[in-house]
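Student: With the sequences and hints as input, model every part of the structure.
Heads up: the protein sequence lines correspond to chains A and B, in order.
The opening position of the first sequence corresponds to residue 386 in my numbering, with each subsequent residue numbered one higher.
The opening position of the second sequence corresponds to residue 6 in my numbering, with each subsequent residue numbered one higher.
Just so you know, these hints were derived from the structure itself, not from any lab.
Be aware that a few hints might be false.
Claimed, not checked - Sample of chain B residues at the chain A side, in silico, Cβ under 7 angstroms:
#1 Q46
#2 G47
#3 P48
#4 F50
#5 G61
#6 L95
#7 E106
#8 F109
#9 P111
#10 G112
Remember, it's a predicted structure, so these values are computed and weren't measured experimentally.
Note that CB positions come from ideal geometry on N, CA and C, so glycine has one too.
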Amino acid sequence: RKEVEQDPGPFNVPEGATVAFNCTYSNSASQSFFWYRQDCRKEPKLLMSVYSSGNEDGRFTAQLNRASQYISLLIRDSKLSDSATYLCVVNIEDSNYQLIWGAGTKLIIKP
Amino acid sequence: DAGVTQSPTHLIKTRGQHVTLRCSPISGHKSVSWYQQVLGQGPQFIFQYYEKEERGRGNFPDRFSARQFPNYSSELNVNALLLGDSALYLCASSLEGASYEQYFGPGTRLTVT
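Tutor: This is the structure we're talking about:
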């Protein structure tokens with residue numbers, strides 16, 4: 386089982402719709418969680434950190450479920466510019482100090 | 006403010022050669038991480054440096070090495086290049102360790118022929 390798993394998609398969604406992705410992680414010692422977005426052939430850009438209490442930034446809402454070991458990202462009123470790959474990232478604070486990245490979920494917003 | 010910068014942006018090398026990639030973090034950031042990303046996959050962690058010391062190492066062969074300088078810039082070195090080393094190499098800076106948000110440079114696209 387991969388340490389961080391995401392549905393690769395693509396998710397084809399009409400403009401204005403609400404879309405949600407989940408990301409599951411296998412290590413219960415995971416401490417920090419992030420969502421990044423990556424446009425084609427560009428570098429990943431931080432979208433938001435995911436806090437235990439959940440957090441919202443405009444049309445984007447992230448949730449953490451430690452019991453079931455997953456994080457989620459909800460995008461409301463989707464825009465054409467939301468088309469990208471969304472990467473889930475988990476930090477495990479063991480001796481190796483590394484971030485574990487999912488392979489990403491591709492989102493395509495259609496007019 | 007300048008973001009993370011990387012050089013060169015593109016590079017073509019042949020098998021067996023050596024390559025050095027460079028990264029300058031955001032001003033005030035003390036940690037630099039290196040990643041390899043191949044098409045269709047998420048970034049794979051190679052190294053993390055904090056305050057000039059290696060803090061983490063991913064599952065990459067000894068052909069990969071790195072260092073961080075007193076000004077917090079960093080170099081990634083790859084020896085004896087293989088075709089499979091062709092990828093986008095990303096540098097990310099953060100204030101401190103991996104539990105902080107990371108900010109990426111545009112990457113160096115390495116092609117090994």
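Student: Are the hints correct? Go through all of them and say.
Tutor: Each hint tested on the structure:
Against a cut-off of 7 angstroms between C-beta atoms, the interface hint on B/Q46 holds, since the closest Cβ of chain A lies about 5 angstroms away. This hint holds: B/G47 has a C-beta 4 angstroms from the nearest C-beta of chain A, less than the 7 angstroms allowed. Of the supplied interface hints, the one on B/P48 holds, with its beta-carbon coming within about 5 angstroms of a beta-carbon of chain A, less than 7 angstroms. Nearest Cβ of chain A to the Cβ of B/F50: about 4 angstroms, under the 7 angstroms cut. The hint holds.
For B/G61, the suggested interface contact is upheld, since its CB lies about 4 angstroms from the closest CB of chain A, less than 7 angstroms. For B/L95, the shortest C-beta to C-beta distance to chain A is roughly 6 angstroms, which falls under 7 angstroms, so the interface hint holds. Satisfaction of the interface hint for B/E106 is found here, the shortest Cβ-Cβ separation to chain A being roughly 5 angstroms, below the 7 angstroms cut-off. Taken as an interface hint, B/F109 checks out: its beta carbon lies about 4 angstroms from the nearest beta carbon of chain A, inside 7 angstroms.
Hint status for B/P111 relative to chain A: holds, with the closest Cβ pair at about 5 angstroms, below 7 angstroms. Interface hint status for B/G112: upheld, as the beta-carbon distance to the closest one in chain A is roughly 5 angstroms, under 7 angstroms.
Going down the numbered hints, you'll see the structure goes against none, and every one checks out.
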